[in-house]
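Could you build the full structure based on these sequences and the hints that come with them?
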Amino acid sequence: MSMSPAHQAFHQDLLAAMPAARIYTDPLSTLAYGTDASFYRLRPQIVARVDSEAEVAAILALARRHRVALTFRAAGTSLSGQAVSDSVLVLLGDGFNHGQVLDDGARIRLGPAMIGSHANALLAPYGRKIGPDPASINSAKIGGIAANNSSGMCCGTRDNSYHTLAAMRLLLLDGAALDTGDAASVAAFRQSHAALLAGLSGLAAELRADAALAERVRRKYRLKNTTGYGINALLDFDDPVDMLSHVLIGSEGTLGFISEITFHSVIEHPHKASALLLFDALEPCCRAVSALSAAANAHGVAAVELIDSRSLRALHGKPGLPDFLARPFGPEEACLLIEARAGSEAELARHCAAIDQLLAGFAPRLSSGFSREATVCDSYWALRKGLFPAVGAVRPLGSTVVIEDVAFPIPQLADGVARLTALFDRHGYHEALLFGHALDGNLHFVFAPSFDSEREVARYDAFMQDVSALVAGEYDGSLKAEHGTGRNVAPFVRQEWGDAAWNIMRRIKALFDPDGLLNPGVIITDNERLHLENLKPLPAADPIVDRCIECGFCEVACPSHGLTLSPRQRIVAWRRIQQLSRDGGAVEELAALRADFRYRAIDTCAATGMCATRCPVGINTGDLMKRLQGPSPRPRAARFAARHIGAAASVVRAGLALAHLFGPERLHRISLRLRRRHKVIPLLPAQLPRPAGRLPAAGGDGEPVVLFLSCVNRALAADADGGNAAAPTLALLRRAGFSPRYPSGQDGLCCGQPFASANAAEALDISQNALNLALLAASEDGRHPVYLDNGPCAARILSAQRQGRLDACLRLFDAARFLDAFVAPRLAVTRKLAQLALHIPCSAAEMGAADALKRLAGRCAERLTTPDIACCGFAGDKGFTVPELNAHSLRRLPPALPQGCRHGVSMSRTCQIGLSEHAGFEYRSIEALLDFCTTPRACLRSSELRRDEAKTAEKAECTDGT
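Residue numbering for the sequence shown follows numbering that gives the first Met the number 0, starting at 0 and increasing by one per position.
Derived from the structure by calculation, the hints contain no laboratory data.
Do not take every clue at face value.
Each pair of labels, with its calculated beta carbon distance range [said to hold, decoys possible]:
hint	residue 1	residue 2	range
1	Pro327	Asp876	48 to 54 Å
2	Asp876	Pro536	32 to 38 Å
3	Asp622	Leu671	30 to 36 Å
4	Val679	Ala53	37 to 43 Å
5	Ala19	Val375	51 to 57 Å
6	Gly427	Pro894	51 to 57 Å
7	Leu671	Arg642	34 to 40 Å
This one's a predicted model, so the numbers in the text were calculated from it and none came from an experiment.
Using N, Cα and C, we set each Cβ at its ideal position, and we do this for glycine too.
Now the structure itself:
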């Protein structure tokens, strides 16, 4: 892809302003970053990942110098095309990922690259959270949440970014920085930018002089509204500095760059209850919404979700659906999902009773009643959140998924729903579903148009024209309630607001960006067909990933995101490669994509499946990468290894013994130097484990349990002293009244994980067949439980049983769930660590063992820290062969750990190698931790305790307790 002369000059100057490693112009990068969660695609000529305000200022200066347009992007989860560019795309790097809790949780100062849920995790100890609660909060970043004025199911208009803004630090196109929380900065800005502030004051005076327009603006912002600029700021504030900061909220990067934001937090009520109610007709359902809206504050109504009859039909057969909803529905039926919140159980009970009494007047046919059980409530809300992927999962191949949101005045909500449904039918979008945040009159509709012909594009345009005429024209509602204007609604802003308000918005844009360099086309455009241009193709690529809607929710769980490619970007690239291969065009581009794809997509994919846990339609991109990896190039060697696992483990132990004779740190330095020249050479970690000691004898009195010790724990020592991993496990099981036994031929058994990773199918069969026979014999055909000691191996074995490779009668347990259910209740905790870091490995999340692991670790620590690192990236042997993957994923580990934390725990031996390397202290197994905490005279031999055996040091690490 060639650059324009202006972009070439910009690029040359940019190389002098920031590291070349964070500037991308190659075809694979520009393609991968050219997509966001919307149904538009523009391919940037240059992509820059910025880590500091100084770098942003330099880019802004270069944009002015070379007349080159910029677009800022945080997470790329926005839905309306506001984060794509065909010019320069500026990504937020790690330097903007920071947060600081202020005033005992009353405020929080955040960098724009922090994920919304991470901000809430910082506030959780104070019983607080940020106000905005978009459905994408686990992926969306603060910069995008503020720039789009995102809201969500519960925050309404009162707690959105606009209304909870406390202070903002920003950069304008001219390079000026303003910190509204710093008096000196504000004073200097009043002097340097008097003309800008006077311009805002003049627009405010003009708006206030038009009484009818001013009242209309106030009324429209009582609804959710993100169409155009937030000109309510011109009415809500008298100080133009306040106007400026609040106009930037929801401005989608078209007026400046938000480099830091401080929010007032809101209360996270500890007591919640949810209920589902079914109504025979839409009209009484919507009247009930009006009543709930009026009584929301008095009765603790936090959220009311409307689900129409089509959506109810889409939910048919879904797990968690109450019995009364598991039946056919008529065309007029509708459902409400209600959440009530309170500060105490007693207050919550009063709220629920009052809501039930209020709703009785609207004659719901059936009600689930309010449930306080977290699992029940979570299942209700999972159904609501599953409506978006319900369309995505069944859309025709090649079509896209469009989710739009509008808002009607609540008294007209029933009419609005009926009229929108009629539009779906008129334009042939019969798959469309309608649901939304009814408490705010906010409706979402999801449908699957195809843009593969002019006729289909024209059909979509006609539909959008009718939606605009209905929502904005007839009801004076919001064409964009919470998803941002973007490119899709920019051509309709004037229609919604009228000429007077539209001209005020145009003049705001001209005050900040007179040359139109910041995100051109977004919010303000004269192009009436902008919403029909640059529509994203979603060509067939592979059945594994064809359902992908490119939402980007997977990226936060991917260890290679930001290093090479994310799951979303892997799919984007593979779609393009397949399309070019079929079409036979763009030969040079195809060659360039293929040349980079192997390392950046396949080799650096951890293939742990964590992307599937975040994907709305459950896509495991790792499965595609493993298939593209191809079969094992050495099947005979794999078969030999499968039949001689014991010998292979002996070789590993001997190699580790030799390495420790030579010195692990010296070998680490040597392998690092060699790897710089030859990437095929693995990197040996400085924290290289010692060889495992002799396997302790099993047996004892009590209930029999089969202990399957994984080959990795038979080869690698449990600690720096060379102990065997079986020792603490045996001690725990015996202490809890069990009699552990090994399966016959334990040394020759393997779960098959190494062979599955290498796509060595025959070797996998050999290993799992042998394991099945051994476990059946040891468990007496499933009579006794089987304890699986290493997380990844346990996940592989449990998966094999689900696939029918292992006998269904085997009672298989991963370590965390067995210990939590059968061992921990029988033991008393006699001492605790003052601080403990927990890593939940991918395998624990996959098996559903994360909560059990948290409970076990929480028993053993006064303070437990669980950094939000979904996958450490060690991924079997990739920690040695692709060590940059592990390093990239764990770059966030040290900053996430509290000062003084010197102990870590996990349930994956290979993960523990990388965690120990990058944390600077030893991570041990969950069995070793429990053994230490439930054995008064045992000692957890961490590196810190080994260096200081004095009793005073031990007391500093541990506290007595029960």
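request  = Return holds or violated for the Cβ distance of Asp622 and Leu671 against the range 30 to 36 Å.
outcome  = holds, 32 Å
request  = Mind checking the hinted window 48 to 54 Å against the Cβ distance between Pro327 and Asp876?
outcome  = holds, 53 Å
Verdict for Gly427, Pro894 (Cβ pair) under range 51 to 57 Å = holds, 52 Å
task = Given the range 34 to 40 Å, decide if the beta-carbon distance of Leu671 to Arg642 lies inside it.
result = Holds: the Cβ-Cβ distance is about 35 Å, inside 34 to 40 Å.
key: Beta-carbon spacing of Val679 to Ala53 - inside the hinted bounds 37 to 43 Å or not   = holds, 38 Å
task = State, for the Cβ atoms of Ala19 and Val375, whether the hinted interval 51 to 57 Å holds or is violated.
result = holds, 54 Å
key: Asp876 paired with Pro536, Cβ distance criterion 32 to 38 Å   = Holds: the Cβ-Cβ distance is about 37 Å, inside 32 to 38 Å.
In the structure shown, no violation is registered for any of the earlier numbered hints.
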